[in-house]
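Novice: Heads up: the protein sequence lines correspond to chains A and B, in order. Residue 1 is where the first sequence starts when you use the working numbering, and the numbers rise one by one after that. Residue 1 is where the second sequence starts when you use the working numbering, and the numbers rise one by one after that.
Hints should not be assumed to be uniformly reliable.
Claimed, not checked - For the chain B half of the interface with chain A, some residues (derived, Cβ under 7 angstroms), not all of them: (1) L103; (2) G134; (3) V203.
Treat the hints as calculated values from the structure; they're not laboratory data. Glycine included, each C-beta is placed from N, C-alpha and C at the ideal position.
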Amino acid sequence: MSVTAPQLPFSTRAAMFLRLLAVQGAWNYETLMGNGIAFAVEPALRLLPGGKNGEAYRAAMARQAAYFNANPYLAGIAVGALANAELTGQDPDRIERFHTACCSPLGSVGDRLVWAGWLPACSLMALAAFGLGMRPAGVVLLFLGSYNAGTMSLRYWGLRVGYRDGLGVASALGVPLLRRGPAQVARLTALLAGIAIPLAVRGVVGPARGVLELVFAGAAVGAVTLARLHGRVEGWRLAVAGLALFILLSVVR
Amino acid sequence: MLALQLLPLALLGAVLGLDVVSFPQAMISRPIAAATLAGALVGKPAQGLLAGAMLELFALETLPFGASRYPEWGSGSVVGGALFAIQPNATAGALTFAVCASLITGYAGSWSMVLHRKLIARLAGRMRDALAAGSCDAVTSLQLSGLTSDLLRGGALTWISLLILVPLSQATLAHWSASAELSRAVVVIAAGAVSGGAIWKIVHNTKGAPWFLLGGALIGTFLLVVT
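Can you make the complete structure from the sequences, with help from the hints?
Specialist: Now the structure itself:
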């Protein structure tokens with residue numbers, strides 16, 4: 001017989017959402033974000049029989065504080081699902097198996113969607129705005145507004161869907177947003193990159209003919225070289241070495 | 001005197017260092033926001049934004065996947081934005097020095113994050129019995145310790161970096177011999193190359209994305225001509 005999870009009071013849902021923002025607050029090499037998951041689920045666990053510090057509560061807290069890793073923006077799915085599972089009295093072994101099993105999909109989908117997709121897309125949008133001469137406050141608001149509109153919605157959706165579906169939440173990972181979203185966002189990122197990078201470069205160098213063409217040519221050669229060295233060298237490390245050498249030469253000459 | 005003057009920037013570095021991983025990951029710590037805020041604190045948000053745009057191009061290469069090592073952009077960008085904003089905009093070498101100093105601070109920040117994570121692991125080890133017993137106090141205490149120590153880490157890193165780099169920047173720029181144009185071109189070429197390589201790495205495996213990149217480049221070129 002399936003048991004329906006109780007409706008969570010608004011204050012509990014709000015507390016879980018706010019704590020979700022600090023889910024990586026105690027990230028470490030032993031349990032990764034495990035402690036953060038327990039911290040985020042905790043307000044819901046107070047509704048267990050015996051209340052806070054009751055036997056069921058303590059057993060659930062111990063389970064949730066174990067090793068866990070996922071993309072932080074999709075961790076809400078796990079937090080919601082685990083809260084549901086604990087409040088509906090699911091078998092502890094099943095909860096622990098879910099706790100372990102959901103790490104990998106929530107990590108890989110979230111990383112592709114947010115870190116490799118939404119973040120660079122918003123960053124490039126802001127760079128294009130800078131290149132087109134938008135004022136500093138406008139650029140910062142455009143970047144933070146667009147990025148957080150996406151990620152806050154994702155966090156809220158994850159928590160809601162996770163709590164609604166409980167341990168059956170795996171189907172939520174099949175929704176179009178998560179299935180096709182990363183590829184669509186990658187195309188958007190590609191389009192924005194083509195627009196934003198030249199505009200941002202001009203925004204810094206200025207419109208002077210000759211210099212701008214030289215900079216574009218140098219950057220293009222460097223980009224192709226780095227792309228061909230794919231994975232073997234990090235460009236920013238090379239850049240630090242090159243810039244440090246240039247600074248040294250500029251001072252000692 | 002300098003140490004006291006740098007305290008507001010250190011406080012900004014602390015808050016933005018916390019944003020990188022611990023709380024709330026709203027990406028206020030990304031260079032385009034962080035360096036602009038640092039520039040605004042010095043009274044020159046436009047210069048902060050210019051440094052931030054350069055650093056953002058580098059940051060496109062270092063995406064914060066899981067436990068991977070990447071520059072800590074929050075504190076690093078505050079340092080870069082502030083170093084560039086305290087100089088007159090046309091100062092030869094100012095952007096080059098600020099960007100290089102910011103990248104080095106970001107690298108030091110990455111190293112400090114590793115130490116921070118080891119510290120939390122040690123604290124978690126000491127609380128192992130309480131955590132295994134399901135103690136709410138232990139979970140909350142570990143969480144708050146992690147957040148507080150990360151705040152202090154970012155603040156200390158920013159403050160110490162600026163204490164070293166502000167005088168070093170003034171001494172370096174006083175002896176700068178390369179032209180302003182060449183100095184700026186060098187750093188922009190580096191940023192453009194790194195960002196171009198990074199974008200290719202992100203999109204080349206997605207079907208059709210290279211065509212979107214080409215289409216974007218055509219639109220970008222058109223905008224360069226008409227604006």
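Novice: Now look at each hint and say whether the structure bears it out.
Specialist: Evaluated hints:
no.: 1; hint: L103; in the structure: holds (5 angstroms)
no.: 2; hint: G134; in the structure: holds (3 angstroms)
no.: 3; hint: V203; in the structure: holds (4 angstroms)
In terms of the numbered hints stated before, the structure departs from none.
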